[in-house]
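> Model the full structure from these sequences, guided by the hints.
Residue numbers (my numbering), protein chains in the order written: chain D, 1 to 301; chain L, 1 to 301; chain Z, 1 to 301.
Read the hints as simulated data drawn from the structure, not as lab findings. It is possible that some hints are incorrect.
Repeated chains share a single entry, so a pair holds when one copy, or any two copies, can fit it.
Said to hold, decoys possible - Straight line, CA to CA, 25 Å or less: simulated SDA-like cross-link-like pairs of lysine to any residue:
#, residue 1, residue 2
1, 29, 13
2, 29, 59
3, 274, 75
4, 77, 262
5, 77, 164
6, 59, 36
7, 191, 164
8, 274, 72
9, 243, 293
10, 59, 189
11, 202, 149
12, 225, 269
13, 59, 203
14, 191, 226
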Amino acid sequence: MRHLLTITELHNEEILGILLEAQLFAEGKIWTPTNDKFVANLFFEPSTRTKFSFEVAEKKLGLQVLDFESQSSSVQKGETLYDTVKTLEAIGANAVVIRHPQDHYFDELVNGISIPIINGGDGCGHHPTQSLLDLLTIQQEFAHFQGLNVVIVGDIRHSRVARSNADVLKRLGANVYFSGPKQWMDEAITKGNYIPMDEAVKISDVMMMLRIQHERHTCKMISSKEEYHQLFGLTEIREANMKEKSIIMHPAPINRDVEIASSLVECERSRIFKQMTNGVAVRQAVLKSALQHKGEVVFNG
Amino acid sequence: MRHLLTITELHNEEILGILLEAQLFAEGKIWTPTNDKFVANLFFEPSTRTKFSFEVAEKKLGLQVLDFESQSSSVQKGETLYDTVKTLEAIGANAVVIRHPQDHYFDELVNGISIPIINGGDGCGHHPTQSLLDLLTIQQEFAHFQGLNVVIVGDIRHSRVARSNADVLKRLGANVYFSGPKQWMDEAITKGNYIPMDEAVKISDVMMMLRIQHERHTCKMISSKEEYHQLFGLTEIREANMKEKSIIMHPAPINRDVEIASSLVECERSRIFKQMTNGVAVRQAVLKSALQHKGEVVFNG
Amino acid sequence: MRHLLTITELHNEEILGILLEAQLFAEGKIWTPTNDKFVANLFFEPSTRTKFSFEVAEKKLGLQVLDFESQSSSVQKGETLYDTVKTLEAIGANAVVIRHPQDHYFDELVNGISIPIINGGDGCGHHPTQSLLDLLTIQQEFAHFQGLNVVIVGDIRHSRVARSNADVLKRLGANVYFSGPKQWMDEAITKGNYIPMDEAVKISDVMMMLRIQHERHTCKMISSKEEYHQLFGLTEIREANMKEKSIIMHPAPINRDVEIASSLVECERSRIFKQMTNGVAVRQAVLKSALQHKGEVVFNG
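This is how it looks when you write it as structure tokens:
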């Protein structure tokens with residue numbers, strides 16, 4: 001792996017290899033590069049989980065972190081993303097992690113930039129490390145993907161991860177279903193596998209809730225939070241109908257009592273905070289792979 | 001000590017224990033935890049002294065620092081403080097330092113959060129590490145608190161530290177007086193111990209000036225800075241009337257020529273910058289105590 | 001060297017000494033101070049290159065970095081620059097790097113501050129580490145300055161570096177010429193050495209392009225970017241007229257297709273990204289010199 005831009009570009013074996021490595025990091029594996037390495041984190045959108053998860057992963061790997069903030073940078077003087085990344089490369093960054101509101105922002109970078117680019121989320125497009133941490137969380141629970149019923153619930157059309165998670169889960173053998181408001185579905189993704197919430201909870205091994213991205217919805221699509229919760233949310237009543245071993249996932253931040261009842265956020269089935277913990281391990285694995293691609297000899301890995 | 005939320009909750013012996021440890025750090029003691037530890041600093045209000053003082057303390061202890069900035073975080077997407085702190089815990093923070101404009105913000109945290117919370121200031125409420133560094137500065141000067149005359153000057157009613165400093169100083173044996181504009185006094189705190197500035201300077205061992213918090217005063221309470229300075233400020237003339245060994249303290253940032261004459265900020269009696277230096281040592285002691293509470297075995301402490 | 005405020009204050013031998021040390025760092029020299037040192041970076045203006053270049057230099061030297069951001073600091077409460085720097089000194093900073101929009105901001109600091117101040121750019125005034133990295137880049141190319149034709153192109157009047165670069169290059173033996181819009185010239189600097197662009201490209205060994213600082217030009221001085229590019233920019237046609245070994249420099253951020261054709265930014269003659277790489281080495285040398293001035297015993301330098 002050189003760049004990590006989308007999960008779609010990874011073969012199944014590559015994915016399973018990253019999950020294997022991530023699991024080792026989750027169990028306490030220590031790996032550091034043999035000499036000082038710098039990673040620059042460029043977050044052009046607000047983020048807590050992804051940004052700090054990468055930062056903790058980087059620091060656990062002993063990397064030097066450059067925390068780029070667009071508002072105090074030359075982006076304010078009109079500098080392009082390409083020139084910004086090229087600058088960071090010139091002053092010594094060995095890899096960059098980028099979150100950017102523009103879909104496929106990396107298309108303008110891949111030709112001229114020679115250090116690995118790790119996509120921390122692009123527009124409504126991709127978020128490969130989120131997909132990987134979701135997979136790790138499922139794998140820890142069930143040890144396999146074959147035949148699992150995964151229901152993705154929410155704004156399928158605008159989600160960064162719905163499409164790519166659905167693709168990769170199917171590739172790995174899971175049965176993927178979709179639920180939520182009909183106007184948020186996208187037949188190119190759902191392909192007839194829509195089921196109502198009350199059914200979804202009964203058949204699912206994994207309820208994969210998406211976040212309602214209020215900040216991306218310019219037009220109001222839902223009449224009220226209470227109504228959404230009753231129609232499409234994971235209520236206490238629905239949770240009671242879930243199978244014994246099935247789990248609840250959510251990428252967070254959570255809109256409490258909208259996508260999910262506040263009382264369920266830390267319930268026994270919830271893997272929401274476990275997902276965040278796994279995110280660090282997944283990013284350690286991804287960063288290690290990216291830095292090693294550059295031909296570094298490693299003695300302690 | 002697990003959390004450090006208010007100075008009030010600490011027993012005298014705990015306070016004196018922290019001061020003892022802080023004094024060792026001030027004299028160059030080195031202590032680091034036995035393995036990688038992460039501390040997240042969450043400052044929801046502007047701060048230079050407190051923020052960097054914690055950061056220097058953390059780095060001197062060899063801790064990894066996560067610098068949380070609310071404006072580039074998921075707080076922008078409506079995430080609650082609880083979910084933010086829970087997230088930082090999930091991705092590996094071993095302790096959090098929080099400054100927040102809301103009084104008692106920590107009440108919503110203490111039940112669900114299992115890592116130590118260190119209060120870096122809450123609304124008009126508490127600022128325990130400021131109180132501790134004030135105490136350390138006084139102790140370094142006089143070796144004891146018994147019988148010392150401490151005059152707290154300024155906006156007693158809205159001060160984060162006036163009430164708690166007054167309480168703890170009295171507990172430790174000092175005589176505490178108050179001065180400043182009458183409309184800023186609070187009888188629940190001052191309890192009849194108001195004295196005019198011209199008397200205050202004559203009897204005090206410690207003139208503990210408070211900062212006028214222009215940013216918190218929505219209504220104008222003082223007619224002009226010059227007038228305030230003449231009526232309630234530490235002028236050069238008043239300083240000349242102070243006792244030989246008495247000292248001047250101020251938490252800073254200073255409004256020069258308002259609370260105190262600009263020429264006195266670095267005068268021989270001033271311990272203003274000494275307080276800041278002490279702040280680092282106090283925070284080292286507090287962080288060490290908080291991290292050790294978690295049951296860590298320490299070989300080099 | 002204690003402070004580094006302007007390049008003008010440095011003797012030729014001091015400059016050449018820094019360049020020599022910087023070249024060693026550029027070639028991989030490692031030097032770290034013998035005990036923990038803290039450097040605070042205070043950038044009151046947006047910056048990518050200078051800020052991260054200093055940060056990488058500091059981290060390569062093993063220094064602890066305090067990243068001061070004015071918008072989340074007590075500057076918001078009206079704290080002066082002097083009190084801010086004095087605070088950072090009190091809490092343990094061993095040196096400060098400052099960029100500030102006010103010309104000669106350091107005049108109010110040098111008397112009371114006892115730690116080294118390194119100027120990262122003041123208003124339209126000075127930017128000594130930029131000058132030093134420009135010199136290093138030229139020296140790497142030509143091994144000397146004597147007799148080189150250097151043409152500085154652009155807004156001579158408002159440039160932070162035009163005047164000081166011109167002075168120091170002349171001192172070191174170069175012939176310095178100027179080009180660009182006549183209304184941006186300043187006879188006190190140019191002293192009759194103005195040449196049109198079409199001539200400049202033919203005689204120059206170094207085309208030193210300046211950035212058009214749109215953010216500093218309140219009144220429009222140029223009719224359009226296209227017109228500027230045709231009249232005063234480094235077009236592909238002009239580049240074709242340059243001498244075989246002559247090079248192109250630009251401090252960046254670049255206004256592509258204004259000062260320079262976008263296609264030339266990474267052309268063979270361009271040293272633009274090389275300058276950035278050199279900036280790290282120069283700043284390592286400057287920081288080493290500043291920290292050593294404080295009387296530290298060094299075993300590994």
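> Each hint needs a verdict: does it hold in this structure or not?
Status of the hints after comparison with the structure:
Taking the closest pair of Cα atoms, residue 29 and residue 13 come within 25 Å of each other only inside a single copy of the chain (21 Å); across copies the shortest separation is 41 Å, beyond that limit. For the homomeric pair residue 29 and residue 59, the shortest alpha-carbon distances inside one copy (14 Å) and between copies (24 Å) are both at most 25 Å. Taking the closest pair of Cα atoms, residue 274 and residue 75 come within 25 Å of each other only across two copies (20 Å); inside a single copy the shortest separation is 36 Å, beyond that limit. When the C-alpha separation of residue 77 and residue 262 is checked against a cutoff of 25 Å, the pair qualifies only between copies, where the shortest distance is 17 Å, while the shortest distance within a copy is 43 Å.
For the homomeric pair residue 77 and residue 164, the shortest alpha-carbon distance between copies (23 Å) is at most 25 Å, but the shortest distance inside one copy (35 Å) is not. For the homomeric pair residue 59 and residue 36, the shortest alpha-carbon distances inside one copy (12 Å) and between copies (9 Å) are both at most 25 Å. Taking the shortest alpha-carbon separations for residue 191 and residue 164, only the intra-copy value of 14 Å comes in at or below 25 Å, while the best inter-copy value is 64 Å. In this assembly of identical chains, the alpha carbons of residue 274 and residue 72 lie at most 25 Å apart only when taken from different copies (23 Å versus 33 Å within one copy).
Proximity of residue 243 to residue 293 under the C-alpha cut-off of 25 Å is found in neither arrangement, the shortest distances being 43 Å within a copy and 40 Å between copies. For the identical chains of this complex, residue 59 and residue 189 are neighbours neither inside a copy (37 Å) nor across copies (46 Å), given an alpha-carbon limit of 25 Å. For the identical chains of this complex, residue 202 and residue 149 are intra-copy neighbours only, at 10 Å inside a copy versus 71 Å across copies, given an alpha-carbon limit of 25 Å. For the identical chains of this complex, residue 225 and residue 269 are intra-copy neighbours only, at 23 Å inside a copy versus 60 Å across copies, given an alpha-carbon limit of 25 Å.
Taking the shortest Cα distances, residue 59 and residue 203 never come within 25 Å of each other, neither inside one copy (41 Å) nor across copies (50 Å). Taking the closest pair of Cα atoms, residue 191 and residue 226 never come within 25 Å of each other, the shortest separation being 29 Å inside a single copy and 50 Å across copies.
Checked against the numbered hints above, the structure violates hints 9, 10, 13, 14; every other hint is satisfied.
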